[in-house]
Amino acid sequence: MRNVIVLSLLLLNIHHVISAPKGVTASLKAKWSMTPFLLETSEFIGEDGNERFWQFVDTVKELTVYKQGESVRSYYNLILKKAGQFLTDLQVNLLKFALALRSYSPAVHASQQIASDEPPPEACPAFVSIHGQHSCSTKDIKKLLKAAAGRPKPYLFRNDHTYPGVNKTDVPVVILYAEIGTKEFTLFHKVLSEKAGEGTLIYVLRHFVANPKPQKMLLSGYGVELAIKSTEYKAVDDTKVKDSKTVINAEDDNNDEVQGFIFGTLKKSHSELQEELVEFRKHLLESTDDMVPLKVWEVQDLSVQAAAKIMSVPKFDGLKLMQDLSQNFPSKARSLTRVAVKQEMRKEIEENQKRLSETIGLHPGDGELFINGLHIDLDIHNPFSILEILRGEARVLEGLHNLGIKGEHQGKLLKLPVNAVEDSYALDIRHPAIMELLRATFPGVIRQIRRNFFNLVLFLDPIQEESVELMKLAELFYKHKIPLRIGFVFVVNTKDEIDGFSDPGVGFYRVLNYIADEYDVSQALLSMVSLYNKVDAGKILSADTISAYLKRKFPKANAERILGIESEYDDKRKHGALFYKKSGLGALPLALFNGVPLSPDEMDPDELETIILQRIMDTTTAFQRAVFMGQ
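Mature numbering (1 follows the signal peptide of the UniProt record, and there is no 0) puts the sequence shown at residues -19 to -1, 1 to 612.
Simulated from the structure, these hints should not be mistaken for laboratory data. Because the structure is a prediction, the values reported are computed rather than measured. Even glycine gets a Cβ: it sits at the ideal position worked out from N, Cα and C. There's no promise every hint is true.
[Unchecked claim] If you anchor each label on the Cβ, the simulated ranges turn out as follows:
1) 341 / 255: 52 to 60 Å
2) 308 / 14: 26 to 34 Å
3) 251 / 336: 18 to 26 Å
4) 393 / 39: 35 to 43 Å
5) 254 / 57: 18 to 26 Å
6) 257 / 356: 49 to 57 Å
7) 341 / 251: 45 to 53 Å
8) 279 / 256: 31 to 39 Å
9) 386 / 521: 29 to 37 Å
[Said to hold, decoys possible] Below, in silico cross-link-like pairs of lysine to any residue (SDA-like), each with a Cα-Cα straight-line distance of 25 Å or less:
10) 124 / 104
11) 42 / 58
12) 555 / 483
Let's have the full structure, built from the sequences with the hints guiding it.
Pasting the structure below:
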């Protein structure tokens, strides 16, 4: 019995020492170890060019010497200072964001993993791999290079860093596995860079940390949801409430505001009341934890009061306070009800809500992200993709700045139409033809939009068998009034002197030119369709069919003047073939839908109709979203 009493007292003492937790913290860790900031910074700079990467490497080749005697923060600031020699202030801020996300840690670890597959020699902080042979000493490089010719060259990855030397194709490839900034790296780098400059080898660098930290990489950019169970019907035994309460560690976070009191300031002003203030703060925290339900009239203005609270603090503390309020809103709600909101601010919020609702459909309670006017869909994007968008926008801004365009003029050029039609009536998104996109229809119905939203370009050789069916399919789209603009690029013989009577492709092109010049383009297109309708399935267009059609439809026309070697209607015959050759799009026939080439499997005439209609439906969804967002 005595042992039980002693044990109970011990447990009671331990219980009173425990502090009440402020909240729940969740951390996500990767499977690999922490990677050095210096290596991640080199990858960030390397995205701006291989030459700049190596310039940075030469600047920081022995930077880890300073790491021993300085704190992590000081070393981090030193890296930013060195990087600032190659980056603008804007890029340095983006580098800080990238290092906070650890977005380049996977790239560093990828090199580490490749090094582990070599595998690295034992007790070797840096080593070279020369066609499969390894060495930890610079003295062995010369010997390994002599025997390298008899062994196959290693496979190089797209993200490998190759030293900008002569880089001949018939010289050995030397891969250095080392950590930038160490003495071992400097020794190898000096030898290999000199030989690469002479053209005796190709020098490739891959990151390798000989002694990685035991801590796992903390992942950023991932949300963790905490599901809180409803406590509406919570039953509490009043007789045990006092015994179960834990002691609050009042020394923590003295600068936190608790129900309107900033205890850090109070302790400085009233140093003689330290103990009383601790007890008072503990009382307020314990009462805050109860989260007393609010009245309906107290809840209706909470969001506006939260905004007013954020605006009342210095701008540097605004984001921190907004994060604290959003993450601890239930416990902060009571104190927010006492915040007074100025009438000017309330009016401005209402005007913003009205304007955003009318222009981009953003209603109170919704949230959207815009970067330089570019809408960022938060259902699709994450912090890593947003970082890439920011880097792209930064390059544009810096390019404009280098041209002498600064201030408000930059904003105008960030959204510059190719020509003036964007300001005209034709592209007014309020026009009924464009608003047709938002009209409700039955599923599968294609909207009749009188705009060039959907385009199909067919590259055809007139004498191919597939061209017959594709031309008939184009006619089918036209007859059924599918909202599709159709264009043709004819790829025919490009010889200087050729007879249209013997080459049906050339004859076909010259007849079309004749009809377009003497009559009009629409008549030429109708004649083109009529010509192919004369061709039976499984057959090809022949020179006799073209000649017979010309004599029947245009009996007064001079066939020799139109189809002969000295034809007057041979203008731009070679242009289609030259354009097709430069494009490198693949074998004929082929099609582009809104500039995107269709695969050879999709060019089957029996399937192409369904594929094009499906593409129109899929593209319509993207256009609907753009119109809805006012883009």
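Each hint, compared with the structure:
Between residue 341 and residue 255 the beta carbons are some 53 Å apart, a value that agrees with the proposed interval 52 to 60 Å. For residue 308 paired with residue 14, a C-beta distance near 29 Å keeps the hint of 26 to 34 Å intact. With their beta carbons about 48 Å apart, residue 251 and residue 336 fall outside the hinted range of 18 to 26 Å. With their beta carbons about 40 Å apart, residue 393 and residue 39 fall inside the hinted range of 35 to 43 Å.
In this structure, residue 254 and residue 57 break the distance hint of 18 to 26 Å, their C-beta atoms being roughly 40 Å apart. Evaluation of the 49 to 57 Å hint for residue 257 and residue 356 yields a pass: the beta carbon distance comes to about 54 Å. Range check, residue 341 to residue 251: Cβ separation about 51 Å, and the 45 to 53 Å hint holds. Between residue 279 and residue 256 the C-beta distance comes to about 33 Å, which sits within the given range of 31 to 39 Å.
A beta carbon spacing of about 57 Å between residue 386 and residue 521 contradicts the range 29 to 37 Å that was offered as a hint. At roughly 21 Å between alpha-carbon atoms, residue 124 and residue 104 fall within 25 Å of each other, so this suggested pair holds. A distance of roughly 17 Å separates the Cα atoms of residue 42 and residue 58; the hinted pair therefore holds under the 25 Å criterion. Of the pairs offered as hints, the one joining residue 555 and residue 483 holds, with about 17 Å between alpha carbons and a cut-off of 25 Å not exceeded.
The structure fails to meet hints 3, 5 and 9 from the earlier list, while all remaining hints are met.
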